[in-house]
Amino acid sequence: MTVKIAVTGANGYIGSSLVRHCISHGMEVVAFTRILNTAGTSWSAADVEYVQIADGTPTPAMLSGCDAVIHLAGPAHRFRSSADSGELQVQGNHTLAINTAEAAIKAEVTRFIQVSTVGVHGNWSDSAITESAPLLASSPYALSKLAAEQALELLCNRAGIELCVVRPPLVFGPACPGNFSRLLRLVQSGMPLPLASVSARRSFIYVENLAEFLRICATRPQPSPVMKFVIGDGSDWLIPDLVRSVARELGITARLLAFPPAALRIAAALSGRRKEVESMTRSLLVDWSHARLDYEWLPQIQPEAAFSETMRSYREQQ
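For the sequence shown, numbering that gives the first Met the number 0 assigns the number 0 to the initial residue and increments by one for each residue that follows.
Source of the hints: derived by calculation from the structure; they are not laboratory data. Among the hints, a few may not be true.
[Unchecked claim] Here are the computed lysine to any residue pairs in the SDA-like style, where the Cα-Cα straight-line distance is at most 20 Å:
#	residue 1	residue 2
1	274	250
2	274	177
3	274	126
4	105	156
5	274	253
6	274	101
7	274	182
8	3	51
9	3	49
10	3	94
11	105	159
12	227	46
13	227	150
14	105	2
15	227	142
16	3	27
17	3	22
18	227	158
19	105	50
20	3	46
21	274	263
All values reported here derive from a predicted model rather than from experimental measurement.
Given the sequences, and given the hints that come with them, work out the whole structure.
Okay, structure coming up:
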């Protein structure tokens, strides 16, 4: 019997990759998007049922017959620091997730997959983060994702629907949005970076590996009604080494300056850029052994190949 999956945010960076993975495994896909645009996709109209929804929330009728909903819709890189960004993040991530789950429950969907963020555990940690690590969300985005997780757990438990929460670190890949692409542009600019003395290691995950894991979460038998996964794929980099690797792929010399990380953080706090500098000077590693044990999951694409493909794509776009 063919598995039918609903994907919200299907035209987004992760969503488009996920749709492709589901199709390649013979699954039916209902793809929800605010803007109906399939230009550049590698599948035919017969492969996917695209549904445009202006407010991002599907109705129960739209979800009828689906076995699982993978919820990706919501702003990830849209807001800058502003007085109303917190409220907008809650609207985009918390309210939308709850409304979508309620529609799934009414449609008798049996599983809801919420794509959250490792940021619910904070912006950095001295030890590798597991699913049981303290919840220390601080940014509006992470706080809204945490609020969505907690509300979904209550809602799904009450309704008897399975819930799977996936908490990825920063996602990278060809043409990726957000901080990884900003780092590539920064290195390419030749600007000296005061990161030579940084000993922080950060976990990332390749978009294709994340998409495959989400597909597995939607199709494998779930050991318990509520599952939570901190997920990674071994793409763990010492920050100065990452800068050097990017520079090498671009055929330039990395311009790294030695500067005490603690002094950088003090300067960042005074200039209102504390979280940005923390993400470059403090460690955040994920321990994804739970996914290996419960789902016997191993990434299909190894970190070296993922990084090379990302950089190849970046060079071609220049």
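Broken hints, by number: 1, 5, 6, 10 and 12
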